[in-house]
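In order, the protein sequence lines correspond to chains A and B. Residue numbering for the first sequence follows the working numbering, starting at 1 and increasing by one per position. Residue numbering for the second sequence follows the working numbering, starting at 1 and increasing by one per position.
Incorrect hints may have been included.
As the list claims (entries may be wrong) - One side only, chain B facing chain A, incomplete, derived with CB under 10 angstroms:
#1 Gln37
#2 Ala65
#3 Ala88
To be clear, the hints were calculated from the coordinates, so they are not data collected in a lab. Idealized CB from N, CA, C, for every residue including glycine.
The chain contents come next:
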Amino acid sequence: KAGVTQTPRYLIKTRGQQVTLSCSPISGHRSVSWYQQTPGQGLQFLFEYFSETQRNKGNFPGRFSGRQFSNSRSEMNVSTLELGDSALYLCASSSTGSGGEQFFGPGTRLTVL
Amino acid sequence: GIQVEQSPPDLILQEGANSTLRCNFSDSVNNLQWFHQNPWGQLINLFYIPSGTKQNGRLSATTVATERYSLLYISSSQTTDSGVYFCAAYTGANSKLTFGKGITLSVRP
Numbered sequence: 001k002a003g004v005t006q007t008p009r010y011l012i013k014t015r016g017q018q019v020t021l022s023c024s025p026i027s028g029h030r031s032v033s034w035y036q037q038t039p040g041q042g043l044q045f046l047f048e049y050f051s052e053t054q055r056n057k058g059n060f061p062g063r064f065s066g067r068q069f070s071n072s073r074s075e076m077n078v079s080t081l082e083l084g085d086s087a088l089y090l091c092a093s094s095s096t097g098s099g100g101e102q103f104f105g106p107g108t109r110l111t112v113l
Numbered sequence: 001g002i003q004v005e006q007s008p009p010d011l012i013l014q015e016g017a018n019s020t021l022r023c024n025f026s027d028s029v030n031n032l033q034w035f036h037q038n039p040w041g042q043l044i045n046l047f048y049i050p051s052g053t054k055q056n057g058r059l060s061a062t063t064v065a066t067e068r069y070s071l072l073y074i075s076s077s078q079t080t081d082s083g084v085y086f087c088a089a090y091t092g093a094n095s096k097l098t099f100g101k102g103i104t105l106s107v108r109p
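Please build the complete structure, drawing on both the sequences and the hints.
If you want it as structure tokens, here you go:
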């Protein structure tokens with residue numbers, strides 16, 4: 001089986017712009033979660049989608065949003081980018097989402113200038 | 001929410017040495033995972049171990065759920081074992097993986 005894929009792998013944006021990141025889960029997995037990793041805050045949970053419904057959301061401002069499509073692919077969007085949004089964004093998929101093993105993609109490294 | 005603490009924060013080993021990495025968590029968990037983050041940032045699954053003991057080659061892990069800790073053992077370490085090791089706990093109440101701050105392992109030749 002192919003693993004979790006994320007596109008793009010690298011992205012450079014300027015303050016005020018918006019960005020959309022994409023994640024394709026492992027075939028058959030219906031849960032997709034997003035995490036942000038920064039040197040200062042470590043790995044933090046953004047949100048989880050299961051069968052196109054957001055099941056849980058982390059403590060991030062409304063500029064961060066996401067969605068999941070019927071084929072389980074997910075996108076996350078960050079609007080009005082700030083310098084502090086520079087981070088590695090990781091996506092994980094799971095067959096159940098409820099405590100099942102999670103598998104991570106290679107990440108998207110976002111740099112905001 | 002659940003707190004996950006890893007120790008020690010940094011570990012330097014000579015190639016061939018053994019090591020134990022510890023993960024303490026503050027609440028009952030449905031899932032406990034260990035990851036190795038490669039130099040490009042990807043989290044590589046090592047163990048899914050909410051309880052009990054598992055082994056995979058030179059690596060093994062034990063989770064004692066009743067005492068709220070997990071241990072990752074690395075035997076006969078190699079330079080390729082270098083990197084950051086994370087444990088992450090999942091509770092039904094939070095419905096998310098909560099990560100520790102990671103342990104940076106350096107294995108010197």
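Hint check: 10 angstroms Cβ-Cβ cutoff, B:Gln37 to chain A: holds, 9 angstroms
Minimum Cβ distance from B:Ala65 to chain A below 10 angstroms? violated, 13 angstroms
Have a go at the B:Ala88 hint: is there a Cβ in chain A nearer than 10 angstroms to its own Cβ? It holds, given that the least Cβ distance between B:Ala88 and chain A is near 8 angstroms, below 10 angstroms.
Checked against the numbered hints given earlier, the structure breaks only hint 2 and satisfies all the rest.
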